[in-house]
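Enquirer: Okay, here's what each chain looks like letter by letter:
Protein chains: 2
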Amino acid sequence: MYKDQIIIDGLQYCYWDRSYFESLQRSGITAVHVTIVYHEMARETLSRFAQWNKYFELYSDLIMPIMNMADVKIAKEKKLVGIFFGAQNCSPIDDEIGLIEVMRKQGLLIMQLTYNNQSLLATGCYEKHDNGITRFGKQAIAEMNRVGMIIDMSHSSEISTLEAIDLSSRPICISHANPNFAHKALRNKSNTVIKSLCKRGGLLGFSLYPFHLPNASKCTLENFTQMIADTADMVGVEHLALGSDLCLNQPTEVLEWMRNGKWSKAMDYGEGSASNSGWPDDLPWFKDEKGMENIYNGLLKQGFKEKEANQILGGNWFNFLESGLKAQN
Amino acid sequence: MYKDQIIIDGLQYCYWDRSYFESLQRSGITAVHVTIVYHEMARETLSRFAQWNKYFELYSDLIMPIMNMADVKIAKEKKLVGIFFGAQNCSPIDDEIGLIEVMRKQGLLIMQLTYNNQSLLATGCYEKHDNGITRFGKQAIAEMNRVGMIIDMSHSSEISTLEAIDLSSRPICISHANPNFAHKALRNKSNTVIKSLCKRGGLLGFSLYPFHLPNASKCTLENFTQMIADTADMVGVEHLALGSDLCLNQPTEVLEWMRNGKWSKAMDYGEGSASNSGWPDDLPWFKDEKGMENIYNGLLKQGFKEKEANQILGGNWFNFLESGLKAQN
Chain Y
1051 MYKDQIIIDG LQYCYWDRSY FESLQRSGIT AVHVTIVYHE MARETLSRFA
1101 QWNKYFELYS DLIMPIMNMA DVKIAKEKKL VGIFFGAQNC SPIDDEIGLI
1151 EVMRKQGLLI MQLTYNNQSL LATGCYEKHD NGITRFGKQA IAEMNRVGMI
1201 IDMSHSSEIS TLEAIDLSSR PICISHANPN FAHKALRNKS NTVIKSLCKR
1251 GGLLGFSLYP FHLPNASKCT LENFTQMIAD TADMVGVEHL ALGSDLCLNQ
1301 PTEVLEWMRN GKWSKAMDYG EGSASNSGWP DDLPWFKDEK GMENIYNGLL
1351 KQGFKEKEAN QILGGNWFNF LESGLKAQN
Chain X
1051 MYKDQIIIDG LQYCYWDRSY FESLQRSGIT AVHVTIVYHE MARETLSRFA
1101 QWNKYFELYS DLIMPIMNMA DVKIAKEKKL VGIFFGAQNC SPIDDEIGLI
1151 EVMRKQGLLI MQLTYNNQSL LATGCYEKHD NGITRFGKQA IAEMNRVGMI
1201 IDMSHSSEIS TLEAIDLSSR PICISHANPN FAHKALRNKS NTVIKSLCKR
1251 GGLLGFSLYP FHLPNASKCT LENFTQMIAD TADMVGVEHL ALGSDLCLNQ
1301 PTEVLEWMRN GKWSKAMDYG EGSASNSGWP DDLPWFKDEK GMENIYNGLL
1351 KQGFKEKEAN QILGGNWFNF LESGLKAQN
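Which chain is which? The protein sequence lines are Y and X, in order.
In terms of our numbering, the first sequence opens at residue 1051 and continues consecutively.
In terms of our numbering, the second sequence opens at residue 1051 and continues consecutively.
Don't read these hints as lab results, they were simulated from the structure.
These figures come from a predicted structure and were not determined experimentally.
Errors might be hidden in some of the hints.
Claimed, not checked - Computed spacing ranges between beta-carbons, pair by pair:
| # | chain 1 | residue 1 | chain 2 | residue 2 | range |
| --- | --- | --- | --- | --- | --- |
| 1 | X | L1350 | Y | M1317 | 39 to 47 angstroms |
| 2 | Y | K1234 | X | A1235 | 30 to 38 angstroms |
| 3 | X | S1097 | Y | Q1276 | 17 to 25 angstroms |
| 4 | X | S1097 | Y | K1104 | 51 to 59 angstroms |
| 5 | Y | D1280 | X | T1302 | 24 to 32 angstroms |
| 6 | X | Q1378 | Y | S1373 | 51 to 59 angstroms |
| 7 | Y | P1301 | X | R1093 | 37 to 45 angstroms |
| 8 | Y | K1104 | X | A1235 | 48 to 56 angstroms |
| 9 | X | P1334 | Y | M1317 | 52 to 60 angstroms |
| 10 | Y | A1100 | X | E1146 | 20 to 28 angstroms |
| 11 | X | P1264 | Y | Y1319 | 36 to 44 angstroms |
| 12 | Y | Y1319 | X | P1334 | 56 to 64 angstroms |
| 13 | X | A1120 | Y | Y1319 | 39 to 47 angstroms |
Said to hold, decoys possible - Within a straight-line C-alpha distance of at most 30 angstroms, the following computed DSSO-like cross-link-like pairs (lysine-lysine) qualify:
| # | chain 1 | residue 1 | chain 2 | residue 2 |
| --- | --- | --- | --- | --- |
| 14 | Y | K1188 | X | K1234 |
| 15 | X | K1376 | Y | K1315 |
| 16 | X | K1315 | Y | K1315 |
| 17 | Y | K1178 | X | K1178 |
| 18 | Y | K1249 | X | K1178 |
| 19 | Y | K1312 | X | K1188 |
| 20 | X | K1340 | Y | K1178 |
| 21 | Y | K1340 | Y | K1188 |
| 22 | Y | K1245 | X | K1155 |
| 23 | X | K1376 | Y | K1188 |
| 24 | X | K1234 | Y | K1234 |
| 25 | Y | K1315 | X | K1234 |
| 26 | X | K1234 | Y | K1312 |
| 27 | Y | K1312 | X | K1312 |
Each residue gets a CB set at the ideal place from its N, CA and C atoms; glycine is no exception.
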């Protein structure tokens, strides 16, 4: 039964308020990986944490912070929505290796090494050339391994991602992206990457952001579960999960911030274009509190066993995080 | 006559105090490109400017700030040492394109796109792979061109340097490095780079940092002037100047800061090694207030005409900066 399971959404960046938290609670989702940062640097990241501390205080009847998987069990028991944090960029550590541990202690459990562009650590998927993991990047990976901060390569380029998988002594994740075989996009991943990721115990979260999907906003639930089934045929079910990339109720300025940060004077349209610059249309089957349950039922209809659907909806994230968040001995 | 000329040292990072400023004044140097930042980010850079504002207040009998070449003429007339600022890294702009103009107005006249490592803008000379100018880097170059902030590629890698020369609509500089033909080092420059730089009106400042020189600390004045003569044979005299990279009276911690910044937990030895981790020994002919005059006389002895020696000692920097520091129309 869907409602009895631990359901984890491996990425959201919605407009956070009481009304949305209520909807999350009704959705049956146990825990959400919340993007706390796109481009914010260390100082600004602290303000984001402060803002979330206020949410935890204001909405303690709906949400609670997650630092480990014991917390997720408590959230399930208390019928609260667990919130754990990740950064889509390495901007929270500025240029300082020591800030990895500082941010981890503050509650930054997951961090992407780069967001679309070249970072100090690795190359993003929109750069023309990819020089892999940098000198600083190698040290950062070792340090993230040490303190139990999960490496996420969702927005990274091919060579950088393969090198990160290889250099990391612990499994890494691609929290929200789809296979290139289902929809070719700079943001999606090659079979080489997906196989290498999974072979090393990593995790792939399927994205529901229309620009990452076959047929974009016209992608059907069947298209989506077919993509999961095809990927499972390639690498097995135990590495597959969801990272919806759901960005509900956000104004266009937020999309522009995601795409442009502070680095661009000219408008950068990311996966969109000048003539298609706004948010993509919602998927009718994944736009409200019924979304996760729709996917669960879709997976069963696709032929997945109940246990497999449970793994994909949350069990795999749970196991991956339980191991990955522990500090290294 | 040496003393009548405008003498410009295109890079120093000495321990700044009254005693050293007095020595600079006696040396006959008219203006010095002072490194204000190695790894400092925006906020820390402001503190460096504040520190220098204090120096200008305390030592107004010895030094004055330079914002343009008219100021250099005033410095010469008043027998003060003119100080103009550059950053060895793009860290002062954090991740924000708009900080280029902000820093330029504050007095940051020159900025390297990268210091040894990969930056947000370009690849440094110690990275294994070089992916050239990044997406942000392209915008930063255009913005630096617009506001009249000089691009410096001294610590950048080959492809990034060639691309910067090419992408920049205005001549750029390599303020302190030597040709690889004289001493092979990751920090030194290929003939391809030097020719491309000069063909586009750029400027090369010869370094006196022993690790960049043939025979290191045993490099003779004749070795040094021979290197200049060989380079002049290749690209002419009008593109050649000095950027001594003089780091007098600095403790080892400063060397470690230059090499490690905040990015490395393990000690990085840069051009040195674990068994040779300290400052290189001074060159006997370039370690005090006689250094520049020694080079001047050495150039004459090498066969340079007096006018050519004047160009190399300061005239070329003057002309390059006079044009390069103007905002674009």
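Enquirer: Compare the structure with each hint and give your call.
Expert: A quick look at each hint next to the structure:
| no. | hint | result |
| --- | --- | --- |
| 1 | X:L1350 - Y:M1317: 39 to 47 angstroms | violated, 56 angstroms |
| 2 | Y:K1234 - X:A1235: 30 to 38 angstroms | violated, 43 angstroms |
| 3 | X:S1097 - Y:Q1276: 17 to 25 angstroms | violated, 57 angstroms |
| 4 | X:S1097 - Y:K1104: 51 to 59 angstroms | violated, 31 angstroms |
| 5 | Y:D1280 - X:T1302: 24 to 32 angstroms | violated, 58 angstroms |
| 6 | X:Q1378 - Y:S1373: 51 to 59 angstroms | holds, 55 angstroms |
| 7 | Y:P1301 - X:R1093: 37 to 45 angstroms | violated, 29 angstroms |
| 8 | Y:K1104 - X:A1235: 48 to 56 angstroms | holds, 53 angstroms |
| 9 | X:P1334 - Y:M1317: 52 to 60 angstroms | holds, 57 angstroms |
| 10 | Y:A1100 - X:E1146: 20 to 28 angstroms | holds, 21 angstroms |
| 11 | X:P1264 - Y:Y1319: 36 to 44 angstroms | violated, 51 angstroms |
| 12 | Y:Y1319 - X:P1334: 56 to 64 angstroms | holds, 60 angstroms |
| 13 | X:A1120 - Y:Y1319: 39 to 47 angstroms | holds, 44 angstroms |
| 14 | Y:K1188 - X:K1234 | holds, 26 angstroms |
| 15 | X:K1376 - Y:K1315 | holds, 21 angstroms |
| 16 | X:K1315 - Y:K1315 | violated, 35 angstroms |
| 17 | Y:K1178 - X:K1178 | holds, 17 angstroms |
| 18 | Y:K1249 - X:K1178 | holds, 26 angstroms |
| 19 | Y:K1312 - X:K1188 | holds, 14 angstroms |
| 20 | X:K1340 - Y:K1178 | violated, 49 angstroms |
| 21 | Y:K1340 - Y:K1188 | violated, 42 angstroms |
| 22 | Y:K1245 - X:K1155 | violated, 51 angstroms |
| 23 | X:K1376 - Y:K1188 | violated, 40 angstroms |
| 24 | X:K1234 - Y:K1234 | violated, 44 angstroms |
| 25 | Y:K1315 - X:K1234 | violated, 39 angstroms |
| 26 | X:K1234 - Y:K1312 | violated, 38 angstroms |
| 27 | Y:K1312 - X:K1312 | holds, 23 angstroms |
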